[in-house]
Amino acid sequence: MSQAETSAVRKGRGEPGDQPHQTVSRRTTLRGTLFGLFRNELLTTFRRWRTLALLAVLAAVPILVGIAVKIETGDGSSAGPAGGGPGSGGGGPAFISQISNNGLFLVFTALAATLPFFLPMAIGVIAGDAIAGESNAGTLRYLLVAPAGRTRLLLTKYATTLTFCLVATLVVAISALTVGAILFPLGDLMTISGTSISFTEGLGRALLIALVVAASLTGVAALGLFISTLTGSGIAAMATTVGLVITVQILDQIPQLHALQPYFFSHYWLSFADLMREPVYWDDLVKNLGIQALYAAVFGSAAWARFTTKDITA
Amino acid sequence: MEEPSATEPQKVDRGDDDDDAVIVTRALTKRYRGGQLAVDTLDLTVPAGSVFGFLGPNGSGKTTTIRMLMGLIEPTSGTARVLGRPMPRATRAVLPHVGALIEGPALYGFLSGRDNLARYDAADPTADPRTRRKRVAAALDRVGLTAAAGKKAKAYSLGMKQRLGLAAALLQPRRLLVLDEPTNGLDPQGMREIRTLVRELAHDGTTVFLSSHLLDEIEQVCTHAAVMAQGRLITQGAVAELAAGARGRLVVTTPDAADAARVLKEQGVADVAVTDDRVTGEVPDGDRELADLNAALVKAGVRVRGFGAERASLEDAFVALTGEGFDVAG
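Residue numbers (the numbering used here), protein chains in the order written: chain S, 498 to 811; chain X, 6 to 335.
No lab work stands behind these hints, which were simulated from the structure alone.
Reference excerpt, derived from the structure (chain S facing chain X, CB under 8 Å, subset only):
hint, residue
1, Thr541
2, Ala634
3, Thr636
Positions of the beta carbon are idealized from the N, C-alpha and C atoms, including for glycine.
Chain S on its own, in the form it takes in the complex:
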């Protein structure tokens, strides 16, 4: 709820004649309006077993990749061209071959491996469940008569989903960094362009890449939230969102759809590798963020239009 709406409520309550007789003084506090529900929503989401299980799966991916690389290069020789690695498929960057030289590359590899499916699926579950899950459990009607306010609840849900995007990405990155530091040497590293940067700068780039990856998921989050307002079944909304993610990923591989592909939310996802160039190549990165903003705007508006006019019968 915006500040303008808050003041509108105050003004509304001051209307002469409309005021209830024995007025219990109860003001809408800005703090309670903006942060109270969001904080509670975060606590509620991250106390769910399902959320923790998703994060555990995401944390396990870098561990598995790290161990696989370690076993493959266990004889002490440097890694060969690991062509089958997840990072090398789908036009992604070939960071995996560098892991055994520098553990920091496990961060890039793990993000490239989880971005196409694991991360968007996890987001799809959280976003798809956001409204539909509450509706399914019947808790939606009680939140709305509390009254949470429909716009405020929707914004809270989207903010929570975005927070989950960030947390999920950071879980992958931190798990990868930890595993990388334990299994492999750390030190100065080589960019894709062939220049050398210090380990500290490499860490900075890794953080930047994690932020870009998290931002890459905002489009899926908005899409999932919109789907979530369409149905009363949390499972159906989750399945639809995850199904759409997979479908779009497949369509993105079909050459005949070339004209459409720049509008797919996942088309520029792997552009985050351009942050490892010297100088950084911004074109696709900017296009990616633009697409995400477009999806967030379009599906966010659609979700709002749907949710604020919907009859809540569950």
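With the hints as your guide, set chain X onto chain S.
Just chain X now, with coordinates in the frame of chain S:
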């Protein structure tokens, strides 16, 4: 629904008795997509300070009405005013003053009872987070759940869930409580506690809007009642008046039932029926003194153990009004 709706007329019809009313609906109608008419031109007036019983068979439109009053469903036409403000437009201003239990409790199974209440409280922008802990504890105490407050809600029994739902409605001092089947799933002791609670709240000045299919429950706690059937309001008014509309019955308890029945018929009592040692009949009209009937029985040698007129129950009134029992509307 924050947007002003096209169905909201600017002119508001407010009769004299409406000024004091907590809920006023005028020609409130809801037709669901698919054409089903759930609520049909409902004119409901709930006086302030009343305990208002909302009666009707399953499928009669009670829940749809309650959802329209709470701003969850947009009416197809007509108006609803709650605490003097139009719904669903004024949900933000009205609902903090309203506690509601709608179609049973809904809880987060993975949260404790206490955390469930904290969540619902956080959803209310007017709730002060600094007093949250205290208010949650007070609400839990009021419904007798303090001992189970730390348990996960999924481990609660149906009755405990119902109590927790009630506690959520009592997180703040309310001007109106809307309770949909509040004693569902409760044991007799629990039902009595809820009735006591409702009386206490009403005594403190809270208007209670209580929907139930338990007629004797409504009769025990309610001052006013409305009856719905098939989306239409059949009647509304003070419970005493509604019950008075149905006539009571004369009941004679005697070992000489057959003689008693004969004498009563001779005395002009209509609809005489005998079950074991009970003889019942219609209470004779106005000027006829009941004591004379008793005297006639005794004079005829009938040994009378009990004699009196049984007051008509709300159930009799209901059956008289709908001509049927509580069947699900088709």
